[in-house]
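Student: Chains as they are written, first to last, in my numbering: chain U, 1 to 347; chain D, 1001 to 1675.
Calculated directly from the structure, the hints in this document are not laboratory data. Note that the structure is predicted; figures quoted are calculated from it, not measured. A hint or two may mislead.
[Unchecked claim] Chain U side only, calculated, beta carbon under 10 Å to chain D, not exhaustive:
no. : residue
1   : Arg49
2   : Asp53
3   : Glu57
4   : Asp288
[Said to hold, decoys possible] If the Cβ cut is set under 7 Å, some of the chain U residues that face chain D in the computed set are:
no. : residue
5   : Val101
6   : Glu105
7   : Val108
8   : Asp120
9   : His123
10  : Arg131
11  : Glu133
12  : Val160
13  : Asp163
14  : Glu173
15  : Phe271
16  : Ala274
17  : Glu279
18  : His285
19  : Leu292
20  : Glu308
Using N, Cα and C, we set each Cβ at its ideal position, and we do this for glycine too.
Listed below are the residues making up each chain.
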Amino acid sequence: MKNRPIYPFTALVGQDTMKLALMLNVVNPGLSGVLIRGEKGTAKSTAVRALADILPEIPMFRDDPYQLDPNEEYEVYTEIRQTVQAESASAATPEVVMRKVRVVELPVGATEDRVVGTLDLEHALKKGEKRVEPGILAQAHRNILYVDEVNLLDDHVVDVLLDSAAMGVNTIEREGVSFSHPARFTLVGTMNPEEGELRPQLLDRFGLCVTIEGIRTTEERVAIMERRAAFDLDPERFAAHWQAESDALADRLLIARSLYPEVQIERPLLFEIARTCLEVGVDGHRGDIIMLKTAKTLAALDGRTQVESGDIRTASELVLPHRVRRQPLMEIADSVQNLRKRAMAGQ
Amino acid sequence: MERTVYPLAAVVGQAQLQQGLLLAAINPAVGGILLRGEKGTAKSTMVRALAALLPEIEVVRGCPYSCSMEPGSDRCPDCAQHFPTLDTRVRKTRLIELPLNATEDRVAGGIDFPRSLKSGRVVFAPGLLAAAHRGLLYVDEVNLLDDHIVDLILDAAASGENRIEREGISFRHPARFILVGTMNPEEGELRPQLLDRFGLCLEIAGSHDPEERVTLMERREAFDHNPAAFLTQHQQQSDQLAHRIARGRALLPGVRVAAHLRSFIGELCRENNVAGHRADLVMEQAARALAALEGKLEVSVDHIRVVAPMVLIHRRRDAQPPPPPPPPEEQQDEQQDETPPEENQEERNEQPQEDPSEQEAQPPPPQEQQTSPDDQPDPGEQQEQEGQQPDAGREEAVFEIGTTFKVKAISGAKDRVVRRGSGRRSRSRIAQKKGRYVKSALRPSDDLALDATLRAAAPFQRQRAGDDGLAVHLREQDLRSKIREKRIGNLLLFVVDASGSMGARGRMTASKGAVMSLLLDAYQKRDRVAMITFRKNEAAVNLPPTTSVDLAGKLLAEMPVGGRTPLSAGLVKCHEQVRNYLIKNPTAQPIVLFITDGKCNVTLANGKPVEESLYLAGALARDKRIRSIVVDTEEAGLVTFGLARRLAGAMEAQYFKIDDLKAQALVDIVRGNHT
C-alpha cells in the first residue's frame, strides 16, 4: 500500500497553543502527555498525526511487538524472549530496523484485555503453551498513544491506562499470565467537556492541557478551506510545497532535544514556580515538577540554554489550568494569570 | 524487570510517612499501612522506594511460597513433608505489586496450564498471595480495586493462609504479608472492612513551603537527568535507613512494654471511642516497632504518643458529632415571601425551631462526658480533614447553593439481572463483553474464558491426544465463560420543586445544597443525571439524561424560584421522562428524587391538588423498575403538614429529611454505618 502523504503539520492554520503543547511533548516525552479539550473538527487528530510524521525515525528490533529500544533495552528484550517466547529465543542477535514513530489509537470501545494484553488463543491451542498476546500498551511503547474522547472511556480501562502511564511499565497479572513490559508513551487525549469531565486523578496525569476552539476570523477560516482543498486535490504536491518548512521544524525539534539536557534554571526562578503553584492552589507536587520541565523545554525549543521568566509564564498557562484545586463541578480555570491575580487580591 | 526507583532517603518532607513505612517494614504485626492523600504527593514513589531497603530473609531454596526454616512456622505441603532436610538461601524481602487489572486466578493461584498439560495431572501455579508471603503486598489505588479481589486479599490477610478450592484444586499455603495501600480519597472511599484491616493510616498533603517545593523540584530534575548518579549520591543515607530497618527487626523480639503503658494505650483507645480491640493491639505493636527503630528495648510514653495518631485516625469516633452549621438565612424575614395565601397562613404558625439534627444527636454516655476535654480536638481535626478534600467543601458562594455534604450511599442491592451501562453506583453482572473479567464459570456463553478453559482441559490432554495437529483438545465440558463485573451508574432523575413556598425561609438554599451534594455524589459514582423543575403552572425538563453532572450543577445554580406549585405536572413529566428512558434502556434502574415540601396548589384537571398528586404518585409506584426517594424540605415546626411524607407513602418511596441524607465522614464508614 502506497502511503498517502499526511497533511503537513506546518500547514495547519492557527491553534498555536495546541501545536506548541504537542511540540513540547515530542521534544521532552517526560512531560507526560497533552490533554486537548475542545469541540469537534478542530484538527486535533490531524495535528497529532502530522507531528508524528515529521519526527525522526527510531530504531527497533525487527518484528518486535514490544517496540523495545535496541540501545537501551536489550536486556529486557532477551528477558521477554526467554520468558514469553521460549521456543523462538534463538541465539542470533536480532536485526535492528528504523521506522517512523507511530500514532497508536485507543478506541473508546477497547476492552481491557486488548489494552493490557492477554493470552494468545491460537498459540495456546496449537502449541499448548502460554504466550502473551501484546496489547495496545505494548504497541504504544516509544510511540504516541492517542485516546480520542478520553472522558468516555470505561472507568476500568482508564484505571489501567493511568497505572501504566504513571509507571512506564505495564504489568499483566491476569488469565494465568504474569508478565510485565515497558510502556512509555506520549499520551495525547482529546475530550469534549460538554460530554462530562474527566476524573481528577487522570486529569492530573496529563502533563499539559490546552483548550481549543474553532477559529473565529473569516480570513483564517478561508485559509483552512483553501489549504484543505489544495491538499485533497493533490496531496503530494501540497506536501512538497510545505516540505521546506516541515524540514525546518523537524530540525528545530531535533536541536531542542539535544539542547534540553543542558538547559539551566536559576534558583529564583524555581521559587517563582513554587510560588505560582502555591498561589493558585494545586494538589500535590506534580504541577511544580511538570512546570519546571515545561519551562526548560520551552527554552530548548527557543534555542536557549537558560530558562527565562517568560518561559515560566507560558508554562503555567499550559500546566496549571487543569490542576487548580477545585470542586469537581467547577469550570476548568480559564486563565491561570487571572486566577493568580484573584488569589493575590484575596490575600 | 528491573526499574530504577527514586530513593526513599531523598524524598523531601513527609517525615511522618517515612516513619510509618519503616514501622510497617520492621513489625509485620502492625498489620499493614494505608496512605491517603491528594494526587502528586509521592505516595507510590515512597512505597516503591521502600522495597529497596527491605532486609534479607532466609527462605527455602526453590520453594515458591518462600517458606521459613524457623521451627513452628507454617509451611507449604511440600516443605512440611521434607522438613527439616531443606536447603535454604537468603534473599531480600519482596514487595509484590498487585495491579488493578489482576484476575482471581493470578491473585490466589490456579492450575498451571503447560505443566498440567505435560504431566497429565493437576499442577498448581502459585499466585501473588504466595509471592507476597513474608513480604509486602502493595496495592496502588486500593479504593479502585474490584470487590472480588478485595475479598480474596482480606480473607488471606485475616487467616494468614491462602485456601484455594476452585478449578478442581484443593490446596492451602501460608500467606502472611504486610498490606500496603495508597489511595486518593477524591476517587471514592474504601470499604469499611478493608479500611479497618490496615493497622496504620496516614494522611498526606503537599508541602506549602516554597523552599521545600524548590528542593523537591531540584532533586526530581537531578534524578530524571541521571538516575544512576543520583542513587550513588544518596547511597549512604539509603544504607543507613536499610541498616535501621534490619537493626529494628533484630531488636523487635526483645522490646518490652511496661504494664502501666498498656493501660495508657487502653485509655487512649477508650477516649477516642474506637470500635473493637484491634486499635489497642496495633498501637502496642507500632510502639514496639518505633522503639526498635530507635534502637531502644523499652517502649516509652513518647513512642505511644507518636504512633497513636496513625492508629486512631481511621478508627476514631466522635463522642458527639460536631453541631451542624446553622442554615444560612434561617432568620430571614417572612415578608419576602411571595407564597400564595394558603401557604402564608401555615407559615405564620411555624415557630423557629432548633436544627432537627441536633435533636437526633445521641447524648454521649456518662463516662465520655468526663473525658470530654480530651475529646475536644476530635471535631476540629475532623473538620480539618474535610477541608483538605475539595469534594467535601462546605460552602460554595458562587453557586448560591446551600451547604453541601457527603451523602449516604443510595444504591440497590447487587442483582442477578444482566444489565448494560457504565458507572459506579450499583454492582451488576455485565452482559456485554465489557467490564472487568473477575473470574470464570461453567456456563454457556459466547464470552469464552480461554485461560480457564485451557486450565480445565489441561489435566486430560494425555488421554485425549490425537493426530489433528492441535496440541490441545477441548471438549465441551471444558468450556468456561468469563464473569465480568462492573458498576452500573444509575439514572438519577431530580424533580425539584421551584415554587414560591420553597423560596421561603432559606429552604431553597438548603434544598439546593442537598441537590448539589447528591450531584457531587453522582459525579463520583459516574451516574447519569436528569433534572425536572416545576413551578407556576407547568413542569419543565431542564436537563435530559446526561453524564455531564457539570451541566446539572450549572443549571441548578441558575434555577429561578417563585410562583405556584404544580406538583401533579411534575409527577406527570417525571413519569414521561422515566418511561422514555426505560424504553431506550430496558434494564436500567432509574432513581427518582423528589425534592419538595409536598404542598401543591395547581391541578391538571378539576379536583383537589393534594388528592390528585397522591393519585398520580400511586400510579408512578406501580412501575416496579423505578425507585423513588422523597426529600422533604419542610421545616420542623409546631404545625407541619407532613404532605411530603404522605407523597412518599403513595409513591412507595424512601422518605428523607435533608439532614437524614448526610453521611458521616471516614470514621462512620469504619463502623459500617452507611447503609
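Student: State for each hint whether it applies.
Tutor: Verification of the supplied hints:
no., hint, verdict
1, Arg49, "violated, 28 Å"
2, Asp53, "violated, 28 Å"
3, Glu57, "violated, 25 Å"
4, Asp288, "holds, 5 Å"
5, Val101, "violated, 21 Å"
6, Glu105, "violated, 18 Å"
7, Val108, "violated, 11 Å"
8, Asp120, "violated, 9 Å"
9, His123, "violated, 9 Å"
10, Arg131, "violated, 10 Å"
11, Glu133, "violated, 10 Å"
12, Val160, "holds, 5 Å"
13, Asp163, "holds, 6 Å"
14, Glu173, "holds, 4 Å"
15, Phe271, "holds, 6 Å"
16, Ala274, "holds, 4 Å"
17, Glu279, "violated, 10 Å"
18, His285, "holds, 5 Å"
19, Leu292, "holds, 5 Å"
20, Glu308, "violated, 17 Å"
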